[in-house]
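Based on the hints, put chains B, C and D in the right spot on chain A.
Residue-level listing of the chains:
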Amino acid sequence: MGIDFQLAEDMKSQGVHVTSFESLVNWGRASSLWPLQFGLACCAIEMIAATMARYDMARFGAEVFRPSPRQADLMIVAGTVTKKMAPQVVRLYNQMAEPKYVIAMGACAISGGPFKDGYNVLKGIDRFIPVDVVIPGCPPRPEALLDGLLTLRAKIAREKLLGKHRARHANPDGTAAFPVPEFGAHDLEPTANREIWNPPAIVRDAEGGEA
Amino acid sequence: MISDPATSLTSAVLAPAVDDDQLLHVSLGPQHPSTHGVFRMNVVLDGETVVRLKPVFGYLHRNHEKIAEGTSYLASMPYTDRLDYICPLSNNWAYARAVEKLAGIEVPERAEFIRVILAELTRLINHTAFAGFILGDMGAWGSALMYAFREREKILDLFEELTGARMMANFMRFGGCRNDLPDGWSAKVSKLVDEYGPFLDEMEKFLVGNEILLSRTLNVGSLPKEVLINGGITGPMLRAAGVPYDIRKVDPYGIYERFDFRIPLGATGDCYDRIMIRFLEMRESLKILHQALDQLPDGSFIHPKAKIRNFKPPLGEAYARIEGPKGELGFHLISDGSTRPYRYRIRPPSFINLTLIEDMCLGLDLADVVVILGSIDIVLGEVDR
Amino acid sequence: MEPSADIKRLPAPARWSIPGIGLLKGMVVTAQNMIQSYYRKERMTTVQYPEERAPISPNFRNFPFLCYDGEDPKAGLRCTACTICETECPPQCIYIVLERDANGKSLKRPKVFDIDVSVCMNCGICAEVCPFDSIYMDGEYELSKQDRFNGLLFHLDRLAKSADYHMKLRPKEAGEVAARRKVEVDKKRAVQAAKDAKAQTDKDMAKPEPTTKGEPA
Amino acid sequence: MTAEHLTPEDRQSPDSLSPPDRESPDSLASPDRESPDSLAAAVLARLRTAFPRAGVSLRTNPGPAVQHSLLVSPADLCDVCRFLRDTPDLAFDFLSNVSGVDWPDPSKADAVAAPADEQGTPAAAAGFLEVIYHLYSTRRRIGPLVLRVRTADRLSGVQIPSVVAVFRSAEFQEREIFDLYGVEFTGHPDLRRILMWDEFQDHPMRKDYVAPDDYEYEPTPHAAVLEKAQRHYVQP
Chain A
0 MGIDFQLAED
10 MKSQGVHVTS
20 FESLVNWGRA
30 SSLWPLQFGL
40 ACCAIEMIAA
50 TMARYDMARF
60 GAEVFRPSPR
70 QADLMIVAGT
80 VTKKMAPQVV
90 RLYNQMAEPK
100 YVIAMGACAI
110 SGGPFKDGYN
120 VLKGIDRFIP
130 VDVVIPGCPP
140 RPEALLDGLL
150 TLRAKIAREK
160 LLGKHRARHA
170 NPDGTAAFPV
180 PEFGAHDLEP
190 TANREIWNPP
200 AIVRDAEGGE
210 A
Chain B
0 MISDPATSLT
10 SAVLAPAVDD
20 DQLLHVSLGP
30 QHPSTHGVFR
40 MNVVLDGETV
50 VRLKPVFGYL
60 HRNHEKIAEG
70 TSYLASMPYT
80 DRLDYICPLS
90 NNWAYARAVE
100 KLAGIEVPER
110 AEFIRVILAE
120 LTRLINHTAF
130 AGFILGDMGA
140 WGSALMYAFR
150 EREKILDLFE
160 ELTGARMMAN
170 FMRFGGCRND
180 LPDGWSAKVS
190 KLVDEYGPFL
200 DEMEKFLVGN
210 EILLSRTLNV
220 GSLPKEVLIN
230 GGITGPMLRA
240 AGVPYDIRKV
250 DPYGIYERFD
260 FRIPLGATGD
270 CYDRIMIRFL
280 EMRESLKILH
290 QALDQLPDGS
300 FIHPKAKIRN
310 FKPPLGEAYA
320 RIEGPKGELG
330 FHLISDGSTR
340 PYRYRIRPPS
350 FINLTLIEDM
360 CLGLDLADVV
370 VILGSIDIVL
380 GEVDR
Chain C
0 MEPSADIKRL
10 PAPARWSIPG
20 IGLLKGMVVT
30 AQNMIQSYYR
40 KERMTTVQYP
50 EERAPISPNF
60 RNFPFLCYDG
70 EDPKAGLRCT
80 ACTICETECP
90 PQCIYIVLER
100 DANGKSLKRP
110 KVFDIDVSVC
120 MNCGICAEVC
130 PFDSIYMDGE
140 YELSKQDRFN
150 GLLFHLDRLA
160 KSADYHMKLR
170 PKEAGEVAAR
180 RKVEVDKKRA
190 VQAAKDAKAQ
200 TDKDMAKPEP
210 TTKGEPA
Chain D
0 MTAEHLTPED
10 RQSPDSLSPP
20 DRESPDSLAS
30 PDRESPDSLA
40 AAVLARLRTA
50 FPRAGVSLRT
60 NPGPAVQHSL
70 LVSPADLCDV
80 CRFLRDTPDL
90 AFDFLSNVSG
100 VDWPDPSKAD
110 AVAAPADEQG
120 TPAAAAGFLE
130 VIYHLYSTRR
140 RIGPLVLRVR
150 TADRLSGVQI
160 PSVVAVFRSA
170 EFQEREIFDL
180 YGVEFTGHPD
190 LRRILMWDEF
200 QDHPMRKDYV
210 APDDYEYEPT
220 PHAAVLEKAQ
230 RHYVQP
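Residue numbers (numbering that gives the first Met the number 0), protein chains in the order written: chain A, 0 to 210; chain B, 0 to 384; chain C, 0 to 216; chain D, 0 to 235.
Just a few of them, taken from the derived set where beta-carbon distance is under 8 Å, the chain C residues facing chain A:
#	residue
1	44
2	46
3	119
4	140
5	142
6	143
Taking lysine-lysine and the DSS-like style, the derived pairs with C-alpha atoms no more than 30 Å apart in a straight line are:
#	chain 1	residue 1	chain 2	residue 2
7	B	187	C	171
8	B	204	C	24
9	C	40	B	286
10	B	311	D	227
11	B	304	C	186
12	B	306	C	186
13	D	227	C	107
14	B	286	C	24
15	C	181	B	304
16	B	306	C	171
17	C	107	C	167
18	B	190	C	40
19	C	171	B	304
20	D	227	C	144
21	B	190	C	167
Just so you know, these hints were derived from the structure itself, not from any lab. Here the structure is a predicted model, which is why all the values come from computation and not from measurement. All C-beta atoms in this analysis are idealised placements derived from N, C-alpha and C, irrespective of residue type, glycine included.
One chain only, chain A, in its complex shape:
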């Protein structure tokens, strides 16, 4: 179905641009990712710094921070997600229209980070919503956020619109909304969405090494 890459390049040199519908759609999506204006903690300051003059996220078409989830394509989870905040984050994600992407920026959003032992800290937002790109660091430099954005763009460019491995948003049966956890007496209920959160089992031998 695709076009021969070499042929396309040859034609480009003669001024004829040929592309597949899929790459055109993906190019459009990747080039104007509007993030949700949503800062949680320290990483949000670096996120703001990334949008400011020095790093200028506008060069990647991602400077239009939208205060409403309905208008946003990208959720940058920038900071610690506490258990008290987690239902709101999931709800905001559910309110975003497909196609939607999530960047977990910084240690806290990925895994709870330095605060993971806290009683009110969620150990990674990937327990409740699918995360596309993770950016380690505490906080990551603004350049690292831009690098994460480029990783996401590369991922979007490879997305399939049809077939078995098509993207979630291209699948009519795919879920767009994920269950929102409820506040329990001691913890969130449920503590994770088992459908999307399946960490690898850690196997240790008697000495503690990896078996």
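The following block gives chains B, C and D in isolation, referenced to the frame of chain A:
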């Protein structure tokens, strides 16, 4: 004179003028562009007028105090960076000071100078970013913040060169600092300090006469002095109302007694004063920086007997406070003689400065709430800890 | 005496002398900034990131790496698996297992050395407390991944970096460390040599000298 | 509208916003600064004369900080605070900090804040919760004056009178202590959980709190975390 400042305003909280079903209940936050993070306010409106305002906290409650009670004294130092994440070095200093008080550690002179320089640079960062953020709250999202962050990046580059991180410095140690100043660093700071005055002029020209800013801030959110003191308000908020209370002067710590600077005061304590007082404080910070850089002595940057590992302060407790950029930042530590603090409590200025937010907002419009919240200058990492 | 206020104000009518003059003044500042951004260096702040990178201070620390001497990352590893960094690490993102030989004797090197960079808070305490000059902070920051579980748990092979890399990253610090280590190694070598020589002389002393005797005249 | 703003001349020069010379910086310094170790004892003497029957005793701090404290019985707390605030020559008008402390082992509490004389209340048999107040005087520029109040026990006798009616700044801090330690402040106008959600039932800052188990994926565990993580390990 108010006879009992604590109760005068709580009793003055107006009874709703119309029937309850006529009132509009609005939840501002936790995801809201002008709540400075994940802060939430449940506002009850009669038309546009605020008749009730209840802040809701805890969306960024990261259990710093609990984590600190389970780990060594040193390991809490990088966590203090993440309290008020706009000014980590002030937090470092407050914590280091509390531990030094708890264990009776002396700090060498050079380290004190380095600390003063860093704390005042942090104040510049905070107040500059404040000016950008509050303009964003008034609808000028963009220009002011861009200028503020442009200058902030210059200071962050200096921090990165000295401490190794743009924001999370983890720089101070009990009895000094982690490392000495790199070659040529103080010359760079001098250059920055020289260039900062013109930037402040530009920023003032940009803001001060602006009619929109004036009409949004004049006579908005002021309270009597006695009420503010009783409500635990500290920092620029209190000084904007004309109370000469700055811990650098009234309870001097470090080497602030050696420097010549003034405490700028406001008159009414409305939002306009709160913005302007920060510009004046930045000018004073520049003065302190000039003096500190001129007098910077040679010597050791850390006490030679300072311990990094297995640090055990003696039995006892200590409360130490510094004048953070947002107000009085205190640490209350209780040691039971082991390597871990028995009680580790932070007195967060942002949190306690919010005590009177309802009193400030009552009877004003919803749009004023956003400006008042911005003028309090909170950082959620410190509010919820 | 109540101190006077520093923020002065004018009575109301003066404020409205020319409506909008304050706004215009602000706009002049914006216009100046815009125009200057084409020719004044301090106003041209944008760094065209993926194509060019702003100079980053050699002091910048992001994640730790393990330093090894020589060519072989396994043999030259300075780490002795003492677990000081593991215990001091504030967010507990380091995991070390000591390697032992068949008899259970410590080989003084790590069998497993994992750092979970999805937890690491870049504080640098591990590098600060390491007594063996083994762990240092790296300046690498372009580490975004699509998979947290496989991409962000760094094992020994990913963490080990040569002393030359350290030297390139932070010449000043690495130079000092190298000089100190050289002195130590020399000292150790001298001590060892002295010990060997002593052992040799002891051996020689203990033994009678048959060679000279049996030597034909 | 009675709006005013900066004079145009004021905005000309960089230092224009500051008046030339208001006062020398020294005038802000303390007129009568007392050393912190004598402060608690001096205040205690005043309290003894004012409230002869109040349960107030001195507790010494063994550490180098020498911030001695006054142990106040819960019943007298509000009267003592109001006296400290309203007496002109004391004028402790600023309640800076309120800390909660959990003492399951009461002997530890007495080690940190040792009874100064025999009059000090004998150590409680069971553990208790403690609330510590740090008072300052903005007018006299002295402090901190440390007050401590103890609950009867850690289970049901956790009531302490609220000082919000005297110091507004205690409002959110008392709510926080109620939330995290479970001290019930009687008379507090709005005693609800502040940091945790309303349905939450535990008091997480207490020493015996057990955090929920979410240690399924811990690739780098050791010490206490290792024990928790091991429960989720798959045996090879």
